[in-house]
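These protein sequence lines map, in sequence, to chains P and S. Under our numbering, think of the first position of the first sequence as 141, with each following residue one higher. Under our numbering, think of the first position of the second sequence as 4, with each following residue one higher.
The hints are simulated quantities; they were obtained by calculation from the structure and are not laboratory data. Among the hints, erroneous ones may be present.
[As the list claims (entries may be wrong)] Only part of the chain P face toward chain S is listed, based on derived beta-carbon distances under 7 angstroms:
hint	residue
1	D148
2	N185
3	P198
4	I203
5	F206
6	F242
For every residue, glycine included, the Cβ atom is placed at its ideal position computed from N, Cα and C.
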Amino acid sequence: MSCESIKDLILDYTADELDHVERLRVENHIKDCIDCNQFLLYARNEWRLLEEWGNIDPSGDIINRFWKRVSDENLGKENGIFNFFKSLIPSWSLIPSLSFVFAMVAASILFTYLSNQPVSYTERDKRDEELLFELDRTLSINNINLLEIYGPWDDKLIKN
Amino acid sequence: MESDIELMMRVKDGDDSAFNELIRRHYRSVMNFIYRFTSDRENSEDLTQEVFLRVYRSVKSYKPEAKFTTWLFKIATNLCITKVKYRNKEQTLSLDDVSGTEGLKDPKISDGFDLKYRSEMRKIIFDALNSIPERERVSIILCKYEGLSYDEVAEVIGCTVGAVKTYVHRGRLKLIDRLKPFLGEE
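Please put together the full structure from these sequences, using the hints given.
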C-alpha cells in the first residue's frame, strides 16, 4: 500500500476510527516506513493538542436568563413600530377602503403639483413654432394662387 | 429518560418546562461549539441563548425527521457563520482582546502559569483552526469536540458522509502542517 493512502488511514487510526484489519495494515506499514512513522507521530500529537483547548462552563442561571430574554423579546415586539401602526388600524376589513382613499388623495396631490408647474419653451419648441408659421404662410400663398383662375373679385356680387 | 424529540413534542404542545430540560442537556455543548468557532467567551453565551431562542421560536414548525442535536448544531453553525462574517466586516477581533477576561472565569484554572499556558495554547489552536476553510473547521470541531459522527456532521452541514470525511482529513493535514512546531519530534 502506498504511503499516500496510508496517511489517510493514519488520520483515522489516531482518531480511533479503524477496524481491526485496517489497524493491522497501518501498524505493519509504519514498522518499515520512517516517513509514515513520523506522520503518525504528528497526527497523534495534533489530535491530542486539540484537546488542550478545554471546555468552558456557562455562567449564572442559564434557564432564567433564557426565559427573561424570551419575555424581553416578546415585550419588544409588542412595543415595536409595526405594532404601533397596527394599533392605528381599527380593523383589517377597512384596509381596502383606506387604500382607495389614500390612492385618491395621492393622485389629487400629484395632479395639483403637475398642473402648477410653469410651462417652459425650449429652443426646439421655438424652432417648431417657426416651421409651423412658415407652413401656414406657404399654404395661404398657394391658396391665393389657385383662386386666381376665377379672375378678379366681382364687387357688385359682394354688394348684393 | 425522555428523548429530545419527545421533549420537543411536549414543547410544541405548549409545555415550556420540557424546553428547560433541553437547555440543561445541550446548552454546554452548543456554547462550547460556538466558543471554539468564535473564540469569544462572552459572545458565546449570548449566541447560545440566541440559538435556543431560534429553536424555541421555530418549535411550531418542528418536524421530528432528523436527530434533535443535528438540527441544533445546524442552527448554531449557521448563526456562527453569519455572526463571524458580520464581525469580520465590523472589526478584526484579536484573541488578545478576550484572553484577559476569559481565563479568569474558568473555575478549573487557578495557577498563573497554567492560565498563561492554556491561553497561549488556545490562541495557537484557534489561529490554526481559523486558517482552514469553514467546512473543514466545522467538521473538525463537531467530530473532535462535540463527538458527532460523520453521518451527523453530514446532516449538519448538508453534504455527503464521504465529503465530511474528506473535509476532516484535509483539515487535519493542514492543521498538522500549521501546528508542526508544537507537535514534537521523535
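To see whether the hints hold, each was checked on the structure:
Interface hint at D148(P): satisfied, since its Cβ lies 6 angstroms from the closest Cβ of chain S, which is below the 7 angstroms cut-off. Of the supplied interface hints, the one on N185(P) holds, with its beta-carbon coming within about 4 angstroms of a beta-carbon of chain S, less than 7 angstroms. Given hint, P198(P) at the interface with chain S, holds; its Cβ is 6 angstroms from that chain's nearest Cβ, closer than 7 angstroms. The interface hint given for I203(P) holds, since its Cβ lies 5 angstroms from the closest Cβ of chain S, which is under the 7 angstroms cut-off.
Below 7 angstroms, beta-carbon pairs count as interface contacts, and F206(P) has one with chain S at about 6 angstroms; its hint therefore holds. Annotation: F242(P) was flagged as interfacial toward chain S, and the flag is violated, the nearest CB pair being 33 angstroms apart, outside 7 angstroms.
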